[in-house]
Every structure is written in C-alpha cells, then in structure tokens.
Amino acid sequence: MHSLMTQYTPNLLDYWPEFIKSIGETLQMLFLSGIYSFVIGLFLGTVMVVTRKGNILENVYIYRIIDSLVNLFRSIPFVILITALIPVTKLVVGTFIGVKGAIFPLIIGCTPFFIRQVDMALSDIDPGLIEAAQSMGLSPLGIIFRVYLKESIPGLARSTTITTVSLLGLTAMGGAVGGGGLGSFVIRYGHNRYYQDITYVSVIVILIFVTIIQFIGNIIIKKTSH
Amino acid sequence: MIQLVDISKDFISDKVRVTAVKDVNLTINNGEVFGVIGYSGAGKSTLVRCINLLERPTKGKVLIDGIDLVQLKEKELRKYRQKIGMIFQQFNLLGSRTVFDNVAFPLKYRGISKEEIKERVLSLLELVGISDKVDAYPSQLSGGQKQRVAIARALATEPSILLCDEATSALDPQTTKSILKLLKEVNQKLGITIVIITHEMHVIKEICDRVAVMEGGNVVELNDAISIFSNPQAQITKDFINSTSNLSKMDELIEEKSSVVELEPGQRIWRLDFLGTEATKEPIIAEISSKYNINPSIIFANVDVISDTVLGSLIVLVTISEQAEEQVIEYLKEKQIKVEVIKYA
Ligand SMILES: Nc1ncnc2c1ncn2[C@@H]1O[C@H](COP(=O)(O)OP(=O)(O)OP(=O)(O)O)[C@@H](O)[C@H]1O
Ligand SMILES: [Mg+2]
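Top to bottom, those sequences are chains A and B.
Number 226 in my numbering belongs to position 226 of the first sequence; there are no gaps in the numbering.
Number 1017 in my numbering belongs to position 17 of the second sequence; there are no gaps in the numbering.
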C-alpha cells in the first residue's frame, strides 16, 4: 500500500493527515448543515404547500413570503451568497471562517433548494386523498402528518437524496472561500500547487460519498414505495 | 335526515362566476337510498359535497338531523363529518398503507383501543368481503376491491350517512353490480342513508328508492324511482331513460324507415307501458284481442325491475280502425296501461 502510494500518489502521501482531516470536515459540514436544512426545509416546504391557494390552510401572504424568499436565495450563486452573508455569519456564529463559519451559509444556500424539493414531493399527493381525509373529519394537522408527510415519504427520500448530493457540492465550494474540507484541500494543493494526484483521489472520495448517499436513498425509497 | 334548504354554490374562477348549484331544496329521509343523476357539469358533486361541507354553500342551510352544519365551528364540524362517510370514483386509498391500516385510518388517535380497532376493522373487511386482503397494499388490488376497502373505511366511524360520488364509474359493469349490491346490503343491514351520484340510469335502477334529476345546477325532477322510470316528466329525464332502455331502438328503426316497421293501411305501432303490480295479474292482451277482435303482434318487449316492481314495455303492431283504436286505448287506460301511438298508416 505504502509503496503503491509512493509510486502513484506521492503528494497525497505527504499531506495524508491533512487529507483525512479534510474528509472529516466535509462530513461535518454535510451532516450539520444537512440536518438543519432538512428540518427547516421540511417545515417551510410543508407550510408552503398547505398555504397555497385552494389547499387546507390557504394563506396567500405566508405562501408568497416563503415563495419569494426561496426564489431570491435560489437565484444567488453560492460563492456570492457566502461572501454576501459574511457579516450575518459573523453575527450569528461569531466567525466566518472554518467549518463553523461555513455551516450557516450552507444552510442558507441549501434550504431554499430543499424547500422546492419538498414542495414538489408534497404537491404530488393526489388532492383526492386530502379530500377523503377531510371527509373523515381529520384536522389540518392530522392531514399534514398522516397524509401529506406520511404518503410522500418516498418522494421526500428522493428529494433528500438529491439535496444531500447538491449540498456536498456546496461544501466543496464553501471550502474555496475559507471553509475547510475537501474543497479547500483540493484548491490549496491540487489547484494552486498542481498536485494532480490529490485532485483525482479527492474526486474518487467525493464519488464514493455520492454513491453512498444515493444507495441509502434508494433503499429508503424502495422500502417505502408500495 | 338530511335537509338541504335553498342551497346555492357559486365558484369564481378567473373572475368569472359559475353557479354550480342553484336554490336547491331537498329532503333525504333516514334509511333511504337516494340517487342524484345528471350529465357532467350539472352540479351533482358540488351538491353532494355541500352535505359534508367539503364545499361550503354560498347560501342556504345544511341540516343533518335538524342541526345546521354551516353554523358549526370547524372543530364541531369535524366531529359531524365522522358521521357522514364518503366514497369516491377514484377510491382515494392511502397508497403507503395496507388495507388494514386504510380502514383503521379514521379510527386512530381517537382514544379507541388497539384491540377494538382491530376487531372493528376485521369485521368491516368481512362485511365488504375482502378479509383475505388485510395485508395487501392498494396497488395490489383491483378497482372493485379498492372500492370495497374504501367502503369499509367510510363505514369505520359508524356513520349514519354514506355519500357516494360516482363510486362505480371507474368499474366494469359486473363489478359495478357487485358494488351496488354491497351498498344495498350496507343500507339494509346497517340502516345507513345512502346518497348516490351517478350519470348512469342503471345505477338508479339497481338500488335507488328516490331520485333527483339535476340539470344546470337545478333539481329539475324529484320522485321515487318507479315514477321516474314509468312516468318521467322533464325532457332530460326522458332522455336518460331512453338512453338505458332498449325501446329507444324502436325510434331508431322508425327513423331509419326500416322494413320491420313498414306499415300497411290501417296498421299501427303502439307502445304499451305497464307497472307489474296491476297489469301482470290479468291476461290483458288476450282480452283486448277477443273483445275488440284485433290481433296485436309483439315486435319488441322490455322488462325492468325497479325497487321490486316490474316495469314493462311492449311494442305491438295492430290492424285496427280509428274508432276501435280509441276504445281500446280507453280500455287500456282503465287497466293502468299507458298507450302511445308511435306510428300509424
Ligand atoms: N372548484 C371549482 N372551481 C370552479 N368551478 C367549479 C369547481 N367545482 C365545480 N365547478 C363548476 O361547477 C359546475 C358543476 O360541477 P360539478 O363537479 O358539481 O358537476 P358534476 O355534475 O359532478 O359533473 P361530473 O359528472 O362531471 O362529475 C361545473 O360547471 C364546474 O365547472
Ligand atoms: Mg362529479
């Protein structure tokens, strides 16, 4: 192994501890911002669906506010967003560098995307099911949990998979502006010093992550679709 | 008892006001099977959805056993809705849940014990005849089976009213029959009032006690099923009946000037309509034949059974003088037989 690495990936070997640390940072950013984005996105996405015109808790104002915010944040490229957010990030988490500083902008960048995904997944629910639930005397909250969310688990699993993969992409970008993780590792060595072996191995690591995420997603989708 | 008092429902879409239901007054008695028939867009669904307030009427009262649902607060209304089951054309089963869980769905989170839920669900599944599918998912069921599950689910909260919006329209004729039979059984065994929306006259024929015919948001005719079939008043009702009856073929034949209906001078084609209660007890054809010395030959006959009453129609060819014709028609009228001269030469 060691001799193989000396032969094919000499630079990576030199920076091995940093490489491992970067992977850890990427995972940390992915999990932390992923969990926050999931919870916030699921909540706001659901609110958006049920407040849409003709739905159970119709409310044009709430709907429009969420819809506009989602559109606004989705239209700002992430590298710009992360820079523009620096003062806010500093205010919220105390710093704008490192993993800690990256998580806040990651949440802001990822959540709107996930809200849209949740919106699509829940909107796929047949309005007939909502009607049937209403005719059985379910409360709006009952309909949200027992029909909208429960019935769209496969759709939500798909949304979560797609969002997690795109979030992984954002963490790399976050790295580019001082966030740490594999992104900044590759920029420092693969890009700036042109250590190609570092770039390629990192690509493979990312590919493995994506594969694992999709594998887990597919299992959940399969288990919950009938 | 369901009383709809001056119900109107307007929809506003794209700034255009559509009046789906106009000033409808209806009383549906406990334990009856009440049909609402009309063409697409007549306002049937809207009217029936006003009964459980899935659609809030623009004006009017919805009285269920004397209580106006329109006046109730959301929370109380939800309680009342449990007493009004509903089934749909597209079944609306929850795809992520098994048959058991679908039927148990309206019972959960209501403080009913697990054992009791299980007992109730299993006995309902037995009632609707799909006990063998307890653990199946809706996607593994046929349309008829899905509707059976939907019926069981609608009955789970022990409602006194069951609303059926085109419940058989997605099913083949054989399955339709079996579902209608099940509904009739539910009506008789459990004493549940059933309101059925349909655009098919044979559904009415099969199980309805009374019928409202809707057109353009209005109820244009309201009567018991036998009267609707034997003595329709509104043009639309007549059209509906013709569309299901074989006798409409006769009109086509006449229109096409078919040789079957070619007449010689003095010949006529009559249509005789009779209700089974009286007419079938006497040998009427034989009587008029000997009494007036005519020999009617039957070209066409049709028999329907509606709410256990025979409704028969005969189309006969007779050779008869105008004078005698009047007498015979008078005589038949006395015997409660309606005569219509469809063609004469
Ligand atoms: N939510 C709605 N918004 C706007 N217009 C509506 C709405 N629901 C019904 N309508 C209109 O009201 C009228 C009656 O519709 P309804 O669905 O009650 O008819 P229907 O007799 O049940 O017809 P079908 O046999 O096709 O189901 C139609 O003109 C329809 O376009
Ligand atoms: Mg309809």
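The set of hints was computed from the structure by calculation and includes no laboratory data.
Hints should not be assumed to be uniformly reliable.
Stated by the list, open to error - With a Cα cut of at most 20 Å, we get these calculated EDC-like pairs of lysine to aspartate or glutamate: (1) B:K1108 with A:D67; (2) B:K1083 with A:E58; (3) B:K1338 with B:E1287; (4) A:K53 with B:E1255; (5) B:K1075 with A:D67; (6) A:K150 with B:D1101; (7) B:K1335 with B:E1282; (8) B:K1108 with B:E1076; (9) A:K223 with B:D1101; (10) B:K1238 with B:E1264; (11) A:K223 with B:E1076; (12) A:K90 with A:D67; (13) B:K1073 with A:E131; (14) B:K1249 with B:E1282; (15) B:K1343 with B:E1322; (16) B:K1079 with A:E131; (17) B:K1061 with B:D1010; (18) B:K1015 with B:E1032; (19) B:K1073 with A:D67; (20) A:K53 with B:E1055; (21) B:K1177 with B:E1166; (22) B:K1238 with B:E1262; (23) B:K1335 with B:E1262; (24) B:K1181 with B:E1200; (25) A:K53 with B:D1010; (26) B:K1333 with B:E1262; (27) B:K1059 with B:D1101; (28) B:K1015 with A:D67; (29) A:K222 with B:D1006; (30) B:K1061 with B:D1006; (31) A:K150 with B:D1135; (32) B:K1118 with A:D67; (33) B:K1238 with B:E1252.
Claimed, not checked - To be clear about the criterion: a stretch of chain A counts as covered by chain B if any three or more of its residues have a C-beta under 8 Å from a C-beta of chain B, and this derived list gives those stretches: (34) 21-30; (35) 70-76.
Just so it is clear, the structure is predicted and the values come from calculations on it, not from any experiment.
Ideal Cβ placement from N, Cα and C applies to all residues, glycine included.
To see whether the hints hold, each was checked on the structure:
The hinted pair formed by K1108 of chain B and D67 of chain A fails the criterion: a straight-line CA distance of about 34 Å is larger than 20 Å. Between the alpha carbons of K1083 of chain B and E58 of chain A the distance comes to roughly 26 Å, so the proposed pair goes past 20 Å and is violated. Only pairs whose Cα atoms come within 20 Å are accepted, and K1338 of chain B paired with E1287 of chain B is accepted, the gap being roughly 16 Å. Simply put, K53 of chain A and E1255 of chain B have alpha-carbon atoms about 52 Å apart, too far for the 20 Å limit, and the pair is violated.
For the proposed pair K1075 of chain B and D67 of chain A, the alpha carbon gap of about 30 Å is over 20 Å, so the pair is violated. The suggested pairing of K150 of chain A with D1101 of chain B holds, with an alpha-carbon distance near 13 Å, which does not exceed 20 Å. With a C-alpha separation of about 9 Å, the suggested pair K1335 of chain B and E1282 of chain B falls inside the 20 Å cut-off, and the hint holds. Simply put, K1108 of chain B and E1076 of chain B have alpha-carbon atoms about 18 Å apart, close enough for the 20 Å limit, and the pair holds.
Taking the CA atoms of K223 of chain A and D1101 of chain B, the gap is about 17 Å. The hint holds against a cut of 20 Å. For the suggested pair K1238 of chain B and E1264 of chain B, the alpha carbons sit about 30 Å apart, so the restraint of at most 20 Å is broken. A C-alpha spacing of about 38 Å is found between K223 of chain A and E1076 of chain B, which places the hinted pair above 20 Å, so the restraint is violated. Distance check on the hinted pair: K90 of chain A and D67 of chain A sit about 27 Å apart at the alpha-carbon level, beyond 20 Å; violated.
The hinted pair formed by K1073 of chain B and E131 of chain A meets the criterion: a straight-line CA distance of about 19 Å does not exceed 20 Å. A distance of roughly 28 Å separates the Cα atoms of K1249 of chain B and E1282 of chain B; the hinted pair therefore is violated under the 20 Å criterion. For the proposed pair K1343 of chain B and E1322 of chain B, the alpha carbon gap of about 13 Å is at most 20 Å, so the pair holds. For the hint linking K1079 of chain B to E131 of chain A, the alpha-carbon distance of about 16 Å falls within 20 Å, and the restraint holds.
The hinted pair formed by K1061 of chain B and D1010 of chain B meets the criterion: a straight-line CA distance of about 15 Å does not exceed 20 Å. Under the criterion of a C-alpha separation no larger than 20 Å, the hint pairing K1015 of chain B with E1032 of chain B is inconsistent with the structure, at around 40 Å. For the hint pairing K1073 of chain B with D67 of chain A, the CA-to-CA distance comes to about 31 Å; that exceeds 20 Å, so the pair is violated. A hinted pair counts as satisfied when its Cα atoms are at most 20 Å apart, and K53 of chain A with E1055 of chain B qualifies at roughly 15 Å.
Restraint check for K1177 of chain B and E1166 of chain B: the C-alpha separation of about 13 Å stays at or below 20 Å, so the hint holds. Taking the CA atoms of K1238 of chain B and E1262 of chain B, the gap is about 26 Å. The hint is violated against a cut of 20 Å. Annotation: proposed proximity of K1335 of chain B to E1262 of chain B is violated, straight-line Cα distance about 29 Å (limit 20 Å). A threshold of 20 Å between alpha carbons decides the hint, and for K1181 of chain B with E1200 of chain B the separation of about 16 Å falls inside it, so the pair holds.
Restraint check: the Cα-Cα separation between K53 of chain A and D1010 of chain B comes to about 17 Å, which is no more than 20 Å; the hinted pair holds. For the hint pairing K1333 of chain B with E1262 of chain B, the CA-to-CA distance comes to about 27 Å; that exceeds 20 Å, so the pair is violated. A threshold of 20 Å between alpha carbons decides the hint, and for K1059 of chain B with D1101 of chain B the separation of about 38 Å lies outside it, so the pair is violated. Our distance criterion of 20 Å between C-alpha atoms is broken by K1015 of chain B and D67 of chain A, whose separation comes to about 24 Å.
At most 20 Å may separate the alpha-carbon atoms for a hinted pair to count; K222 of chain A and D1006 of chain B exceed this at roughly 51 Å. Only pairs whose Cα atoms come within 20 Å are accepted, and K1061 of chain B paired with D1006 of chain B is accepted, the gap being roughly 7 Å. Taking the CA atoms of K150 of chain A and D1135 of chain B, the gap is near 18 Å; set against the 20 Å cutoff, the hint holds. Restraint check for K1118 of chain B and D67 of chain A: not satisfied, since their Cα atoms lie roughly 43 Å apart, outside the 20 Å limit.
With a C-alpha separation of about 16 Å, the suggested pair K1238 of chain B and E1252 of chain B falls inside the 20 Å cut-off, and the hint holds. Evaluation of the coverage hint for the region 21-30 of chain A: breached, as 0 residues show C-beta separations to chain B shorter than 8 Å, against a requirement of three. Judged by the Cβ-Cβ criterion of 8 Å, the region 70-76 of chain A is not covered by chain B as claimed, because only 0 of its residues qualify and three are needed.
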